[in-house]
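Based on the hints, put chain B in the right spot on chain A.
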Amino acid sequence: MTISYHPLGDEEQVFRQAFNHHLPLLIKGPTGCGKTRFVEYMAQALKLPMWTVACNEDTSASDLVGRYILRGNETPWIDGPLTQAVRQGGICYLDEVIEARQEALVVLNALADHRRQLFIDKTNEVLHAPAHFMLVVSYNPGYQSVMRDLKESIKQRFVAVRFNYPAIELEQTIIASESGCSLALARALANFGASSRKMAGSGLFEGVSTRMLIHAAKLMSQKTGQQHLLEAALIDPVTDEPTIRASLLALLPLVMTAVHM
Amino acid sequence: MDTVIADKWLESVFRGLQLPAQSLPVVSVARNQQQQRLAITPFGLSLPHGLSQQLSGVLKGDYQPVDLLCMVAHAKAHLKHSAFFQPVGKFKHLSLALISLLEDERVERLINDDIEGMDAVFTSRMDHEQALSIGGVETQLAKMSVCLNRRHNVYEDYWCGKALDMYEQALSSGGGFAALREAGSILANDLGQMRYRFDHTKYAVWPAYRDDNSILWTDAAAEQQVQEIIAHSRNSSAQAQDLPPEEEKLIFYYDEWNATTQNLNKAFVTVNHSGLLPASGLERVPVRDAHTAYLKTRRKRAMRGEFKLSVDSSEQLWLDKAIERNIDLLCHISPNEHIFQQWQTQQLSAGVMVLIDASESANDRIAGSYTSILDLEKKAISYLADFFQSSRIPFAVSSFHSNTKDDVSITLHKDFVSPWSDTQRKALQGLQAHCSTRLGAALRHMHSLCANRLQQPMVLVLTDGVPSDVDCPDENYLWQDSQFAVAQLKEEGTSVMCLKIGASQVKICQQIFGVSQTVFCEADKIELAIRNVLKKIRKSIP
Numbered sequence: 000m001t002i003s004y005h006p007l008g009d010e011e012q013v014f015r016q017a018f019n020h021h022l023p024l025l026i027k028g029p030t031g032c033g034k035t036r037f038v039e040y041m042a043q044a045l046k047l048p049m050w051t052v053a054c055n056e057d058t059s060a061s062d063l064v065g066r067y068i069l070r071g072n073e074t075p076w077i078d079g080p081l082t083q084a085v086r087q088g089g090i091c092y093l094d095e096v097i098e099a100r101q102e103a104l105v106v107l108n109a110l111a112d113h114r115r116q117l118f119i120d121k122t123n124e125v126l127h128a129p130a131h132f133m134l135v136v137s138y139n140p141g142y143q144s145v146m147r148d149l150k151e152s153i154k155q156r157f158v159a160v161r162f163n164y165p166a167i168e169l170e171q172t173i174i175a176s177e178s179g180c181s182l183a184l185a186r187a188l189a190n191f192g193a194s195s196r197k198m199a200g201s202g203l204f205e206g207v208s209t210r211m212l213i214h215a216a217k218l219m220s221q222k223t224g225q226q227h228l229l230e231a232a233l234i235d236p237v238t239d240e241p242t243i244r245a246s247l248l249a250l251l252p253l254v255m256t257a258v259h260m
Numbered sequence: 000m001d002t003v004i005a006d007k008w009l010e011s012v013f014r015g016l017q018l019p020a021q022s023l024p025v026v027s028v029a030r031n032q033q034q035q036r037l038a039i040t041p042f043g044l045s046l047p048h049g050l051s052q053q054l055s056g057v058l059k060g061d062y063q064p065v066d067l068l069c070m071v072a073h074a075k076a077h078l079k080h081s082a083f084f085q086p087v088g089k090f091k092h093l094s095l096a097l098i099s100l101l102e103d104e105r106v107e108r109l110i111n112d113d114i115e116g117m118d119a120v121f122t123s124r125m126d127h128e129q130a131l132s133i134g135g136v137e138t139q140l141a142k143m144s145v146c147l148n149r150r151h152n153v154y155e156d157y158w159c160g161k162a163l164d165m166y167e168q169a170l171s172s173g174g175g176f177a178a179l180r181e182a183g184s185i186l187a188n189d190l191g192q193m194r195y196r197f198d199h200t201k202y203a204v205w206p207a208y209r210d211d212n213s214i215l216w217t218d219a220a221a222e223q224q225v226q227e228i229i230a231h232s233r234n235s236s237a238q239a240q241d242l243p244p245e246e247e248k249l250i251f252y253y254d255e256w257n258a259t260t261q262n263l264n265k266a267f268v269t270v271n272h273s274g275l276l277p278a279s280g281l282e283r284v285p286v287r288d289a290h291t292a293y294l295k296t297r298r299k300r301a302m303r304g305e306f307k308l309s310v311d312s313s314e315q316l317w318l319d320k321a322i323e324r325n326i327d328l329l330c331h332i333s334p335n336e337h338i339f340q341q342w343q344t345q346q347l348s349a350g351v352m353v354l355i356d357a358s359e360s361a362n363d364r365i366a367g368s369y370t371s372i373l374d375l376e377k378k379a380i381s382y383l384a385d386f387f388q389s390s391r392i393p394f395a396v397s398s399f400h401s402n403t404k405d406d407v408s409i410t411l412h413k414d415f416v417s418p419w420s421d422t423q424r425k426a427l428q429g430l431q432a433h434c435s436t437r438l439g440a441a442l443r444h445m446h447s448l449c450a451n452r453l454q455q456p457m458v459l460v461l462t463d464g465v466p467s468d469v470d471c472p473d474e475n476y477l478w479q480d481s482q483f484a485v486a487q488l489k490e491e492g493t494s495v496m497c498l499k500i501g502a503s504q505v506k507i508c509q510q511i512f513g514v515s516q517t518v519f520c521e522a523d524k525i526e527l528a529i530r531n532v533l534k535k536i537r538k539s540i541p
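Here the protein sequences come in this chain order: A and B.
0 is the number of the first residue of the first sequence in numbering that gives the first Met the number 0; add one for each residue after it.
0 is the number of the first residue of the second sequence in numbering that gives the first Met the number 0; add one for each residue after it.
Careful: at least some of the hints might be erroneous.
Straight-line C-alpha distance at most 25 angstroms; calculated SDA-like pairs for lysine to any residue [as the list claims (entries may be wrong)]:
#	chain 1	residue 1	chain 2	residue 2
1	B	LYS489	B	ASN262
2	A	LYS150	B	ASN262
3	A	LYS197	A	ALA166
4	A	LYS154	A	LEU126
5	A	LYS154	B	LYS534
6	B	LYS534	A	PRO241
7	B	LYS538	A	LYS217
8	A	LYS197	B	GLY116
9	B	LYS378	A	GLU102
10	B	LYS377	B	ALA349
11	B	LYS534	A	GLU95
12	A	LYS150	B	SER539
13	A	LYS217	A	LEU182
14	B	LYS535	A	ASN55
15	B	LYS534	A	GLN155
16	B	LYS535	A	ASN139
17	A	LYS197	B	THR370
18	B	LYS377	A	PRO241
19	B	LYS524	A	GLU102
Bear in mind the hints are in silico, worked out from the structure with no lab data behind them.
For reference, chain A alone in the conformation it holds in the complex (with noise of 0.2 angstroms):
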């Protein structure tokens, strides 16, 4: 399946000259701004195989690397995703990175830097990683920094790029291409999704994604779709504050007369 994607600036030359200089890559981007599509899209257009590891609060160095497991009266060992980027080449993608505990992001260090190796103790090895392999990580600098936050050493490793939200007129482009849907209703989930994020910080962590705005135009998209639908692909997955949600309520109007056009 072809990856389709719309920059929003210059990362994909940026995301180039990093691959071309092996420079690992940080992206940082509020939640269902791209940044994963990105990444996928990057290694279509590159023509790499990629692994991509959602990390959680759980995820340890043996998750990356791999684990010596037990198979019958064996006990052989299996290479994490990381181990096999390194391996095979290609692109290793860690998302949300600053979720995974802090020895799994001292793994990194050597391979983020010119030495670009693994070392793997439990197997006494050191992989040297291949010119077309590609270290990206991301993370959301709003919510999860105030929580935590990288390590000076770790982020002074890489090129790092900024993702935001589209503007209005392109967030409408990705939203009807990705949907389906009209562009007049396309550009009224556009000027919601702005708009909610005015209301940001004030008891609404971030605005309503493109992610989001894409699923609530699905689910509209054959003019028959009621504001409740709108409700729960826009309002619900957000907040259960009472204020913010009556104040996001108050601008569903404007979605839903777009809906009927």
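Below, chain B alone, put in the same frame as chain A:
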């Protein structure tokens, strides 16, 4: 309806509609008198009873707020594009109504540039059949509104056609409000000659989402009337406020330090504990009698660690256990699958008690915004709770305020063992702030709540200023007692930290809690402050 909630709702919608902060309205008031329309006043939006009820319905989730969106957008249109307090001069009431009608239409067209799609929403509220059913000259005005909104003569009515022509001509001449004033005056004169009777005391602007346009004119009497209604409504809502239901309260007595006489007044302050009940066996604990040496030993023991066995997500295979497992398998014995090992520090019995200062000063708003200190405290709690949960650090949440030494009210919203549920989140969102700040007694009570539950307790105080109470004329008395309480708690093994919100009275906070244990929070940098607090907590609680 709670006007604070209405304020927040308005603030959020205005922010969503991208109204500059400096022109935000600050008050919403329910009115149930004759005036049935929204009023824009220098103090904010004054909601009539019907719209106020609708807003309540929206907040409860049982009403779709199309009229409310129109109301807010219309108000925004006036705030952005209208010139206020035009002199009434010799205009008669019908002229004022017509000029205002033309102005309403003008600003609604302009606001569509800011809020895309708003014209369709406005049009959806212009029910052309309803306009015919109003009666009297108001019908004629409503019909004109419909025609102006749709930009064609829907009713094929002579007066509507004339209004349309004059309106478009006035706009195209570029005369703005002055040109509209002239057009409205001519239309009113024509209608007057047709012997239309216009009773301004019964007139209500149509459709219902539009404001009463009193802001457009310098009608001193009307302005005074609005002020009186606002004042009356404020007083009556304050009087009608339901008293909170009686709930079970436990009473505790605590010492208080008098720095002037260097005397510890025994059992001097009364603390009323409400909310969740404290752990059983809790008694009034004289903190100075606690066994410090024992606590130290306990803490030292807690630093030890051990190998934990697990099935997966581990670091190393424990070969002995793996061999045992294989032997068990060969002997057809059900094996123990826990063959991985991981060094774990022994689980510390550490935790954080968050203490919220819910005194009256927490209602103060941050300059230039709608956000109050209390809002920031609630936001901080939300961040902290997420962190504690993800880090598996036990935490509890309390709030306090005081009204003399005989009534220090402390509510335990969440204890160390109960989960952080939606109910508790919502209850904290509804937290109200009032009265004074007798911090020392609150700290001593926090120690009592923590001491028999945790080996390594920490109290984190969220406050905006220094302690004070109405029975303490000496402004140094209570902060010195608080300073003494912090020292007492530290001696007994409970560390105390402060997140100070706002820039005032910084030094005293540092004196109470210590420089290293005080984190300052600018109103717009709460995330940064929380991060600093969390770093300190991480250091204190491994």
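Consistency of the hints with the structure:
Distance hint between LYS489(B) and ASN262(B) is fulfilled; the C-alpha atoms sit about 19 angstroms from each other, no more than 25 angstroms. Simply put, LYS150(A) and ASN262(B) have alpha-carbon atoms about 49 angstroms apart, too far for the 25 angstroms limit, and the pair is violated. Between LYS197(A) and ALA166(A), the direct Cα distance comes to roughly 13 angstroms. Compliance with the 25 angstroms bound is thereby established for this hinted pair. With a CA separation close to 22 angstroms, the supplied pair LYS154(A) and LEU126(A) stays within the 25 angstroms bound.
Only pairs whose Cα atoms come within 25 angstroms are accepted, and LYS154(A) paired with LYS534(B) is accepted, the gap being roughly 18 angstroms. Restraint check for LYS534(B) and PRO241(A): the C-alpha separation of about 32 angstroms exceeds 25 angstroms, so the hint is violated. About 48 angstroms separates the Cα atoms of LYS538(B) and LYS217(A), which puts this hinted pair outside 25 angstroms; it is violated. A hinted pair counts as satisfied when its Cα atoms are at most 25 angstroms apart, and LYS197(A) with GLY116(B) qualifies at roughly 18 angstroms.
Restraint check for LYS378(B) and GLU102(A): the C-alpha separation of about 30 angstroms exceeds 25 angstroms, so the hint is violated. With a CA separation close to 23 angstroms, the supplied pair LYS377(B) and ALA349(B) stays within the 25 angstroms bound. The suggested pairing of LYS534(B) with GLU95(A) holds, with an alpha-carbon distance near 21 angstroms, which does not exceed 25 angstroms. A threshold of 25 angstroms between alpha carbons decides the hint, and for LYS150(A) with SER539(B) the separation of about 19 angstroms falls inside it, so the pair holds.
Only pairs whose Cα atoms come within 25 angstroms are accepted, and LYS217(A) paired with LEU182(A) is accepted, the gap being roughly 13 angstroms. Between LYS535(B) and ASN55(A) the alpha-carbon distance is near 23 angstroms, which keeps this suggested pair within the 25 angstroms criterion. Taking the CA atoms of LYS534(B) and GLN155(A), the gap is about 21 angstroms. The hint holds against a cut of 25 angstroms. Distance check on the hinted pair: LYS535(B) and ASN139(A) sit about 23 angstroms apart at the alpha-carbon level, within 25 angstroms; holds.
Between the alpha carbons of LYS197(A) and THR370(B) the distance comes to roughly 15 angstroms, so the proposed pair stays at or under 25 angstroms and holds. Of the pairs offered as hints, the one joining LYS377(B) and PRO241(A) holds, with about 15 angstroms between alpha carbons and a cut-off of 25 angstroms not exceeded. As the CA atoms of LYS524(B) and GLU102(A) are separated by approximately 30 angstroms, the hinted pair breaks the 25 angstroms bound.
Of the hints listed earlier, those the structure fails to meet are numbers 2, 6, 7, 9, 19, in rising order.
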